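There are 2 protein chains.
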Amino acid sequence: MPQTPHVERHFTAGDRVRDIVIGMSDGLTVPFALAAGLSGAVATSRLVVTAGFAEVAAGSIAMGLGGYLAARGDAEHYASELAREEQEIRDVPEVEAAEVAEVLTSYGVTTSEAGTIVAAMRQRPVQWRDFMMRFELGLEKPDPKRALQSALTIAISYIVGGLIPLSPYLAVASAQAALKASVIVTLIALMVFGYVKGHFTGSGPLRSAVQTTVIGSLAAAAAFGIARAIS
Amino acid sequence: MPQTPHVERHFTAGDRVRDIVIGMSDGLTVPFALAAGLSGAVATSRLVVTAGFAEVAAGSIAMGLGGYLAARGDAEHYASELAREEQEIRDVPEVEAAEVAEVLTSYGVTTSEAGTIVAAMRQRPVQWRDFMMRFELGLEKPDPKRALQSALTIAISYIVGGLIPLSPYLAVASAQAALKASVIVTLIALMVFGYVKGHFTGSGPLRSAVQTTVIGSLAAAAAFGIARAIS
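Chains A and B supply the protein sequences, listed in that same order. Our numbering applies: residue 1 is where the first sequence begins, and numbers increase by one. Our numbering applies: residue 1 is where the second sequence begins, and numbers increase by one.
It is possible that some hints are incorrect.
[To be verified] For the chain B half of the interface with chain A, some residues (derived, Cβ under 7 angstroms), not all of them: (1) 53; (2) 55; (3) 65; (4) 111; (5) 115; (6) 118; (7) 226.
Source of the hints: derived by calculation from the structure; they are not laboratory data. Computed from a predicted structure; not experimentally measured. Glycine residues also receive a C-beta, built at the ideal position from the N, C-alpha and C atoms.
Using the sequences provided together with the hints, build the complete structure.
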């Protein structure tokens, strides 16, 4: 397994945080926008709640299963490329040795200097394979447990996010009245979420808060406008 | 810029294809599931169309803008890390030289062999920086035009995907009748889309067709069940 000992990724969040961000940013935005859009077309909250929960069910399953299959696909892709590199090192070592040299010379290392490393690699087929995986193909070994964990984290975050804009419609019978409460509650949630997200991803909390809120507002405004125009 | 001359990524699709897949898989699934869910709760297609179009507007904006900001964020992250590596190479060259050696020795290259490469890097600060960007941090230079292109591709694919399950509701007044047509049309579209997607991503066309169809069906069934239970 490639283990670069001194990785300087100060500014990238962990996988769990990434999955929460993926699920919650869509969960807060799309059900919010759908509910707002329907509030412009129907009078009672009942139907907004029905559509909203149907959307949350559909969205969380689509995103969660989608994330699961993507992670599974990454793991399979890694395994098949690993087997291919092993076979190439066994069957066409000259070609692979030339590839190590090519990688190094593309960074300005001279052919004779690269030759030293190529010779070292040829003594150690396992590290050679790992070197090719990371430096030629740019692949990192995926965590086998990640697929299921990732799916559940994304789905739960989507559901938690989606319940926030829908909650006022559960409490207030008039869709118009619930809309006002939903807009206030969700804009606050988007700002807080954006702020925390910006803190974790290193893109700046305030800027992230503004971006997240703008996306949510634009999506809701577009949905509202379209629903009004059609109905 | 790191240019690995002989990249063997046979099995990864281009960025454009990736964006189409991202937009269309959600666009086919979520509006389909929402429309199916609402068909279990309301009698006329009119309201399904209103909710469906509101969802397509919200989803395409949320996904498109989300993709735009993610791509912009990647570009900014790359630029700030590049500046940091340049500064470190200028200010603490000994530390950075030790890091090059560390990367190489983690692959079984001996310290003295790594020394040759370290000495070569020190003669060429630009390639040295590029080496650190790719091999220590695992970052690749993003295309500056990608953010906008990616946003538009994702949004348009979402809209195109979403129009397929909604089209029967535009033509047939009874939601129940439209639902049947929508299920047939969308399942065919999911199979074709999954097949083509599997071809591009190399995960196997038939398997991908089955997976895509199962996700869409599960999401629609869950949305239908929840909408029925609530209404």
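Against the structure, the hints:
{"no.": "1", "hint": "53", "verdict": "holds (5 angstroms)"}
{"no.": "2", "hint": "55", "verdict": "holds (5 angstroms)"}
{"no.": "3", "hint": "65", "verdict": "holds (5 angstroms)"}
{"no.": "4", "hint": "111", "verdict": "violated (11 angstroms)"}
{"no.": "5", "hint": "115", "verdict": "violated (9 angstroms)"}
{"no.": "6", "hint": "118", "verdict": "violated (10 angstroms)"}
{"no.": "7", "hint": "226", "verdict": "holds (5 angstroms)"}
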